[in-house]
Amino acid sequence: MGKEFFILMKPELSIMLIIFFLLFLKIWDGIKEKSSLLSIVNLLLLLNFVIGFLFNKEGSLFSGMYHTNGIIAFEKNVLAFGTLLISLMAWDWLKKHEHMLEFYILLLSTLLGMNYMISSGNFMMLYLGLELSTIPLAALANFDLDKLKSSEAALKMILSSAFASCILLFGISMLYGTTGSLSFSEISMHMDGGMLQMLAFIFVFIGFAFKLSVVPFHFWTADVYEGSPIAVTSYLSVISKGAIVFVFVTTLLNLFSNMGTSWYHLLVISIVLTISIGNLFAMRQENIKRFLAFSSITQVGYILIGLSNGGSSGSAASIYFLIVYIFSNLAAFGIISMVSIQTEKENISDYNGFYKNNPISGWVMALAMFSLAGIPPTAGFFGKMFLVTAGASKGNYLLVAFASLNMVISLFYYLRVVKAIFINKNESPMETIKTSFPIKLALGVCMLGIVATGFYSGIYDYIVSILK
Amino acid sequence: MLHSKLIALVPLLPFATFLLLGLFGRKYLKNFSGILGTLSLLVAASISFYAAYEYFFVVGKNAAGVYEQIIAFKFTWLEFSPGVSIDLGVILDPISIMMLVVVTFISLMVHIYSMGYMKGEERYATYYSFLSLFTFSMLGLVMASNIFQIYIFWELVGVSSFLLIGFYYDKPSAVAAAKKAFIVTRFADLGFLIGILVLAFYSHTLDFQTLIERLTNHSEYYTTITAASFMGVSALTWGLVLVFIGGAGKSAMFPLHVWLPDAMEGPTPVSALIHAATMVVAGVYLVARLFPVFALSCPPALQVVTYVGLFSSLFAAIVACTQTDIKRVLAYSTMSQIGFMMFALGVSGYGGEEGLGYMASMFHLFTHAMFKALLFLGAGAVIHYVHSNEMKDMGGLRKSMPITHITFLIACLAIAGIPPFAGFFSKEEILAAAFHSNKLVFVVAIITAGITAFYMFRLYFNIFWSKEKVIDHAHDDHSHDSHGEGTKTMLIPLIILGLCAVGAGFIPFSHLVTSDGKVLETEFNPMFSIGPVLIAVSGILLAMFMYKKANSKPDTVSKALGGFYKAAYNKFYIDEIYLFKTKKIIFNLIGKPAAWFDKNIVDGCINLSATITENIAEALRPIQSGKVQQYAIWFFVGVLSFSVLFIYFWTN
Amino acid sequence: MAVTSLKVFRAAIYLLFSLIGIAGLYFWLNYEFIAAVQIVVYVGGIVVLIIFSIFLTHQSGEDMKAPTLIRSVFASIAAAAGFALTLLLINRHTFYTTSEKAVEPSVNNIGMQMLSTTEHGYLLPFEVISMLLLAAMIGAIVIAMKIKPKA
Amino acid sequence: MNLSLLILIPLLTAIVILTCKNIFAVRWVAFIGSVIQLGLSCALLYFYNAERASGNLGQMLFTERHSWYAALNIEYYIGVDGISIAMILLTSFVVAAGVLISWKMETLTKEFFFLLMLLSVGAYGFFISLDLFTMFFFLEVAVIPKFLLIGIWGSGKKEYSAMKLALMLMFGSALVLIGILGIYYNTNDGSGHHTFDILKISHQHIPLSLQMYFFPVLFAGFGVFTAMFPFHTWAPDGHSSAPTAASMFLAGISMKLGGYGCLRVATYLMPEGAHHYSWVIILLATIAIIYGAFATLMQKDLKYINAYSSVSHCGFVLLGIGMLTKVSIEGAVMQMVSHGLMTALFFAAIGMLYERTHTRQVAQLGGLLKVMPFIGVVFVIAGLCSLGLPGLSGFAAEMTVFMGAWENPEIWHRFATVLACASIVVTAVYILRAAGSSVMGPIKDEHFRLIKDAEWNEKLASVLLLVAILAIGMAPFWLINLVGPDSKIIMDQLSSIGGF
Amino acid sequence: MNEIGLPQILVVSTALFFIGVYGFLTRRNMITMLMSIELILNSVNINFISFNKYLFPGKLDGLFFTVIIITIAAAEAAVAIAIIISLYRKYKSIDVEDANSMKF
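Residue numbers (this note's numbering), protein chains in the order written: chain A, 656 to 1123; chain B, 336 to 987; chain C, 115 to 265; chain D, 7 to 506; chain E, 36 to 139.
Don't read these hints as lab results, they were simulated from the structure. Be careful, since some hints might not be right.
In silico lysine-lysine, PhoX-like type, Cα no more than 25 Å apart, as pairs [to be verified]:
(1) LYS1011/A x LYS110/D
(2) LYS751/A x LYS125/E
(3) LYS916/B x LYS306/D
(4) LYS362/B x LYS376/D
(5) LYS465/D x LYS362/B
(6) LYS306/D x LYS934/B
(7) LYS506/B x LYS450/D
(8) LYS901/B x LYS916/B
Sequences are here, hints too, so could you generate the full structure?
Below you can see the structure in the form of structure tokens.
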């Protein structure tokens, strides 16, 4: 306890403080003006993000249940930053929403859960973090209270995730039964490679694969993405996925490496299924949120390629890609939310001729798509390249071939959106979308990220350095 | 020593003219372009005459009594590998000097003539620039010191010929003829190119002198090239035959002659220059250039040359008898005469007495240039006057066009081989050469000579005698209908050429141009000449009998000959065969399937892969049914299959 | 029966009994605390919640729609296969045990450990779960609240 | 000479274009930018020759090296040799001409020129990169602008074409990626790290068994860009739908990216693979040449004609590479430059025709030489260049390829060479058909009589390209001297493994 | 008494687990699906407790995990029921098959 406690748990503590502060605000009900409330919240988030950079230390607490180090702190910062961006982008939506504070409380609880998850040293904390980051999210998915789709999305999410966590739990219980411990480090010591353990590992993997929406555990993704409010969708697609990836990078990879080569094969099968199914479904989507859902499934496949590397270069590539992915996907969602709030339009065909009245937004969207597709000079190119490069290190060039050929397919549907924006003719193109400053700010940051992250090698170098 | 820089000016002057007229002619130099072109060519012609004088009489023979080959100028243009490079150079030896003179002289005549003939043309300047381009290319060709240089200029004369044939580009027939000329010769050039590649590969050089030296001496190069064989024929033979195909294309040898008659769509002076005097003999020149290799190393190839030449001359002569378009008659006659030159080369050997055919061929080339140009220019004058190419529109023109008539007659006598006109001497030498080497060739040649006399005079009588036609100028909207016989610029060349056609035969060719550069002593044998002359005269008389007065005899004869006449009239259907070959086979059997294949199979495969992907995507869609329980089932199935897979099948 | 009954309410009651049965199991294993929690939270909380919600959705008496045959066959095959697989694996697995001295699962011990931060202390999970409950509560309230008619 | 300028100038131009307020400014900025590029590349040629003359024997000159992603050993490493300079010159000429020819672009002018400039950034970057990763980066930079250029400003079934082009090119670059990674993981920089450095890799020996896999992948990948049979089908559709400048870029520059990559990356780095697969390359190249030529015969649209003829002509590039002799490689490079210029000119001429007559169907055109002599003449010259007329660039290049190809004495190579030579006849046929019926012949449509001839910008563009074509055609020695030594280096690499 | 050892309990818990799975896969009522989830969770709880009891009595990991699971189950049930109610207000149905407005 003492000073070290505060320093090590700083991200969680600051989030908790914000939550309590918001609760207080809610109860006090002193500030009626929504935009000032929003400003306060966003400022707090910014503060939270900034604090994340200060006084980082390595260490563990609570007899190894909680541990942190440079890379974990960095990951938490990435999540905090993403949350801040999402919060900025949700400005217009939240301004109209009557449960704005509750939204933030739930959102921050999930963030808290993710932080615990990343920092967890045993399965108990991991599971708790997972649930903490899932259950409130299901509630959040229902936050478009008057929309049917939103409730449906929430239902699908809570049922599926409950089922998935049951599988996960069963796996954990078996692991516990066979190794006698919940702590990651001790589990590794008691491995015997038996079949039951293998089963347990597979169950645990599937529990997380579900959250990552790895095929065939992805079915909830599209429906939930489509139905949820856009802020929640974007949160789901970047932050909660990112958190799971981070968990993989920091803890689970070590754990699963106990499975030996099966782990690699398991990943390869998942990669192949995920990328191809994601691509095939994304090709035919009409709703742009659904489309992004499947595209994000594909992206997950690519991240798994990086993870399959198993070494630090793969982890670095995955983290790097995630940062890029946050920028790109959030830029896309930012535009979508702008459009959807003003016009209620969410179909790709609605974007026909979009460029005519919204040139800047058009370019932003196009850049986001290019980045997602991995086209230079956007950062997405570098992200994908590094992932594939990392994936090739094991000499599995068939996998690389598969991945790079699928990039072509994915280019097809990303270009569909670009085509709609720039090329397709429309009798009545979308009118000029007006938006508020915070959203513009957030989009600007995303653009900067998309363009600069690739050319500026510092971020990647930093990740590599803290991974070592 | 020769002034080599001066020689280099000869081709460069027309080139400069071409650039000047091509770039600025239309706007700024329209009226002066004729004069400009003529002047530049006048200078060039003077230089080449001077060069000829210097070469033959000032520099003269070397100690061995041989006219040496002089490389006056050489510049590496494109070096492939050491030793193998395309050089632009000027080679001076008897035949190149001779060609230099012929080309500049005829070209000068045509330039002068065109000032009258083409007057008032909208694209007068363009015409002259093309003409200059052609002259430049032709000069480059004849002076080439490198086999690839010849090829370069070979192509350039091809394209200038294309441009000039298609000069009246808004006339579809002209465009078609131009295309045909280019494509047919291009096809032949393909042979030439591959021939070059073969020869160059084995001799490791592109330079003529080195090439000839390496392939005639029994060097290692010679051994490899004769040792290498393809389909039982040695690489050398292949190379030479392929080169000859190139020459045959340009020289309109059977069966690559089809472009020549059509090429008459071009302005008549152009026909005179390109398709009578200069370009078409390029093939002969090419064989002559490589003659040592042909003669010393590869008699079989020379055999091919002989028989192709022989057949072409006979074939063309027969066809010429039936044509009614005067320019076409002349075109076939050109083909026939070039056939003479070719087989003359073919029957020749290298050096000494054996080399008679070579000398004769060159001699005939020279004289033929004169009288054939004269014939064309004369025909041009007639056409200019009558505004038609058809014999049936002509007749009795001897009164209205006296000078043309006289010069035309001279030319006809020359080509028929009546002494003392130029054609007599050269043709005599050819026949003598044929007689000495191959009797079959001789017989066919002499028959052809008779036919030649017949059809030339058929032409002559039809134009200038026969019944008088009323030349109707009323519907003529040209402004120069009062020109009578033509302007002075048109008549002067006729007269000059007429004089040449008379006098050229007296040039002692055997002293100047021989296969090995040494003097070849030829004795003139009057006894030998009697036969051919008689045959020629009888041909003339026959023509006179049939065509001097308008009558029905020709019809009777043609009816009597029936199918043969018809076939000859239709040029033995060679054109149709080609048309069939190109239209049906190339376009329909290769082109169309290729395009179809591309569009449907290759592209189809690529589109198919896209379609398949889309269809799979479509087929998979129902999996995402929107029902959460179904999702759970998939989920659970996934769990089970992963478990089973990794626990039982894919274990460590 | 909790999963086969077509009447929702009855299914809930069956569930109640099975939960109580499990609590009995815990008693039998000497884990009284867990048994108590089981009864309090599950029987007292969740089942009641479920029953309330059943009433709220006015479906207590009505029959549920029977699952389609194919699906139930399929699901039972899948579940049976999974069951067989797992059992097989469990049977083939020899569990190892630790010979540590057993910690008495008394309420006292549990309480001590739950709130301690030292070795074997579970303060952090305890705290986190409190956050979770808070969040869940807020979420549930927001969602389930009647939507106010908009002005 | 700072090579980075070649990337920076177009980039800067592109950025300035984005900030421009009106069309006028946009045009002039683009024009000035392209002229600077032109000047730069000419200066580069001059300095390069000066440097070589002063005895600098380095394989690459003006190199610049910055560590980029140190962890993966990715570097920003640029430098030029003769071959790259030839390509850079080509690019700058085509870019300048492309800008001029699009002077009248009215819709979305800013975006148009921006994309053009972006494309040229990609091309320059590709040609000067000595690091495989950077090279790949620039290769892909050059893809997407094409999609937008065709999609937005194109004509006909532009959406289909644009999509097809983008997907097929990306397919190619996916193959390239696999190949590059294969190379990366099987070589090191001498200190145990994997490397992307081309020069270092060239001193390494990639295991034979791997070359057998990666060479075809890499070659096919770049081959897609060069419109290698059977991956050429993006070319006809793409070209025909693209706006004029985009067609020029596409055929003039980006098809050359592939050829350059085949040579510099595939062949140079994996010589055994090249030897082993040379017969496949030759086969495909010959098919492309012959079959492209015959397919051209049947086309009715001028742009399709040129597109298919490009397939055929690019076959010469591949043939030159596949023959694996020094001369043939020189020929391949020359053919790339020559074809780039020529086809750009051809597309420019077609574009000018189309802009005025609103049709590209050969059957509907006719007699245009009369109403627009300048354009007509340009068209004819481009056609003549295409059919390999001496004095124009096509001849020198093709002949070099033939000479080089013939040096390979096997009967099979000979046969391929003969077939390739035969294509010049077919080329003549289709070029003359196109020229004969579109610019020659009688005027088919009375509206044509009202047409005006080329404007100054179009004239300037054509003249620019013509000058370059003539410079190569009349005096090919400078080009062959430029690329010769470097072809020899590649050849040495090839023969070092004892294939001959 | 002694014959009821770990294996027998594990059989029970596994059975319970798959019964729950079966229920989850077949019940069309959202609330019963939720109930199935509870069954599964309980089976996991039995696992934890029995492992703790029979194999690893030295620590109370299993026990605490069980406590946590029970708590989470409660939270989850609360949220799920809230969502179901909210959905019910709009659909007037709690048949899970009806909730398929989003698909493909």
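Against the structure, the hints:
no.: 1; hint: LYS1011/A x LYS110/D; verdict: holds, 20 Å
no.: 2; hint: LYS751/A x LYS125/E; verdict: holds, 21 Å
no.: 3; hint: LYS916/B x LYS306/D; verdict: holds, 21 Å
no.: 4; hint: LYS362/B x LYS376/D; verdict: holds, 15 Å
no.: 5; hint: LYS465/D x LYS362/B; verdict: holds, 16 Å
no.: 6; hint: LYS306/D x LYS934/B; verdict: holds, 14 Å
no.: 7; hint: LYS506/B x LYS450/D; verdict: holds, 12 Å
no.: 8; hint: LYS901/B x LYS916/B; verdict: holds, 22 Å
When each numbered hint is compared with the structure, no violation occurs for any of them.
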